[in-house]
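Peer 1: Residue numbers (this note's numbering), protein chains in the order written: chain C, -19 to 314; chain X, -19 to 314.
To be clear, the hints were calculated from the coordinates, so they are not data collected in a lab.
It is possible that part of the hints are untrue.
Identical chains blur together in the list; that is why a pair holds if it fits in one copy or across any two.
Cut-off 27 Å, straight-line C-alpha distance, at most; resulting in silico cross-link-like pairs (DSS-like, lysine-lysine) [claimed, not checked]: (1) K240 <-> K267; (2) K86 <-> K240; (3) K267 <-> K179; (4) K179 <-> K86; (5) K(-18) <-> K86; (6) K(-11) <-> K7; (7) K86 <-> K310; (8) K68 <-> K310; (9) K240 <-> K310; (10) K(-11) <-> K37; (11) K240 <-> K(-18).
As the structure is a prediction and not an experimental result, all values here were calculated from the model.
So you can see what is in the structure, the chains are spelled out below.
There are 2 protein chains.
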Amino acid sequence: MKLASISYKGTDCIAVAIDDEHVINIKDAMIAAFGSDAEIPVDMNHLLQQGQTGITKLSSALDFALANPTAVMHIPIADVSWHAPVRKPGKICGVAMNNSASNSRKISAPDHPAFFLKPASCLIGHEEAITIRSYYGSVHPEPELAIVIGTTMRDVDAANAMEYIAGYSVMNDITGNGMRAEDLFQYWAIYADEDDPDKTRRVEQHLSYAARYKGTDTFGVLGPWLVTRDEINDPDDLSVECKVGGEVVAEDSTRYYNYKVAELISFISQFHTLHPGDIVSCGTAFKASANRKSIHNANFQQVSGPVSVTIEGLGTQENPVVVENRTIGKWRLS
Amino acid sequence: MKLASISYKGTDCIAVAIDDEHVINIKDAMIAAFGSDAEIPVDMNHLLQQGQTGITKLSSALDFALANPTAVMHIPIADVSWHAPVRKPGKICGVAMNNSASNSRKISAPDHPAFFLKPASCLIGHEEAITIRSYYGSVHPEPELAIVIGTTMRDVDAANAMEYIAGYSVMNDITGNGMRAEDLFQYWAIYADEDDPDKTRRVEQHLSYAARYKGTDTFGVLGPWLVTRDEINDPDDLSVECKVGGEVVAEDSTRYYNYKVAELISFISQFHTLHPGDIVSCGTAFKASANRKSIHNANFQQVSGPVSVTIEGLGTQENPVVVENRTIGKWRLS
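Can you make the complete structure from the sequences, with help from the hints?
Peer 2: Right, dumping it as structure tokens:
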């Protein structure tokens, strides 16, 4: 199934696609199929918390609606407005430098996945505006495969990890590399002495902090669809394309991720419990396009949108880029 | 008011302190004061979303309960179990290196606050176990003042920021500096050329990723109380103490933060919209104690808990530290 969180005529609902041009409100379908006492999820998080039971029930309601085409109102996709499919995920983990195209640029790097967090407050949906301010500095798109967790997972081996996935979506992990360059520290870290914990030792360390450059408002475009896992044969072999202002800036595939989908969520689950609705964004697919453009050329302070990301089997998201005209030129502390 | 999210006899509720040894369930108080059709918040997030109206109403219910001591059941604090006061904040922003004691260790650093995110999934409450595994490497406590946002804020000047605060709490921002040292990258970053966006330039950059070392399960202790803003005269002048295994390892004050409470949330609001229930943890208060112990000596792989944090006016949290005995010695990718 292709699920979405939409607004239609002012009402928010979960929708499911019935063909390329129409969705139905799952509330309508479930009432038609099961009667008015059907337990209808209020939002996508709620649906995901119902687990496989909720998905199976929804699938039956969809079958009913397809078999009875006049029983449930068909909503034209052209008339809906889109939210992120999961509007308030408990967490969004973003995997860093997971594309094999970045390997040659690594001078030193860990031998395991590294990840950061994006806040739910940065999420927008398909067709919503990405909003940039001058004081953000350079900002560029990062097209990524997003995993949506379906079942609470902790310490799950990679061999068993796939069954914890509800489905997949498209993430544009908007990145302010101007702010990235501003939030760097070089300092003397203090560690306990390994032999004598009463003593400490100083270690020169470079640290950087990702909350601004990865989490600023509108820096996460998710959707349009949450495509359930059964529809994607191999998430580790999907083509990815990103366009800015109509020009292709990345032509890539999830097959070039260093770590596979199952490895990523297995690894994270050995530190963080992953809950239904949590998102793991697998890292940027940024191989340069045939015309030699790259996402790094697509600084939204210089080039105009819209920006689109397409992943094979998951659909296309497209968003305008708005450069806000603000009287203040810089953030302030007073 | 001192608010808490607790369980008592198997039922979760929001509680409010009526004296040093007792709380009441706000549901009981509101029904006693306003009748059974009172709109009772289901959890702390819900209460905070009601804004000042909700707080004022709760305050009236508390006054009623204090004036009518037999009208509402008094629950002994000794009999409750504690959750984080806000169990699922939309986001938790942690401010980096905000203590003036760290300034002399900075070789280079930004001239503004830098911050990272912790996931809601890492939160535990007062008296819950901090759980450490051998493959986490060294892990230490970081005692911090936590701000709880009460009103949605975006682009709020520091001069007006305080009124957006619902209250304060105590955060132990548990930090795995072993993992911190493992999640470092040195690499050639690519930026768009400022003069010719068709060109790019390479910049050597050190990046680090905080999700593991700041966000692993049980790495955030919040509480016991959410103390409403009206009870704290000056959040920028509160003493902070941290003990590990009964020994003082930090004696500090929020007056030594580089950036004040109002400056921090104003700054963040110029990038991230802050929502009711969001947490901003102000940075570690880690000045060494008179006995020359520091939090950096308190590696939980070497020293035993419990760990406690006390902030003037906000109370004391104390948590056991459990080193898990696991058959696997290291995380795995297969």
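Peer 1: Each of the hints needs a verdict: does it hold here or not?
Peer 2: Comparing the hints with the structure gives:
1. K240 <-> K267: within (17 Å within a copy, 43 Å between copies)
2. K86 <-> K240: This pair counts as within: shortest intra-copy Cα distance 19 Å, inter-copy 38 Å.
3. K267 <-> K179: Between copies only: 16 Å across, 48 Å inside.
4. K179 <-> K86: Cα proximity of K179 and K86: across copies only (21 Å, versus 34 Å in one copy).
5. K(-18) <-> K86: Classified as neither: same-chain Cα gap 37 Å, cross-chain 50 Å, threshold 27 Å.
6. K(-11) <-> K7: within (15 Å within a copy, 36 Å between copies)
7. K86 <-> K310: Result: close only across copies, 24 Å inter versus 32 Å intra.
8. K68 <-> K310: Classified as neither; 29 Å inside a copy, 32 Å across copies.
9. K240 <-> K310: between (40 Å within a copy, 19 Å between copies)
10. K(-11) <-> K37: Classified as within; 26 Å inside a copy, 35 Å across copies.
11. K240 <-> K(-18): within (23 Å within a copy, 47 Å between copies)
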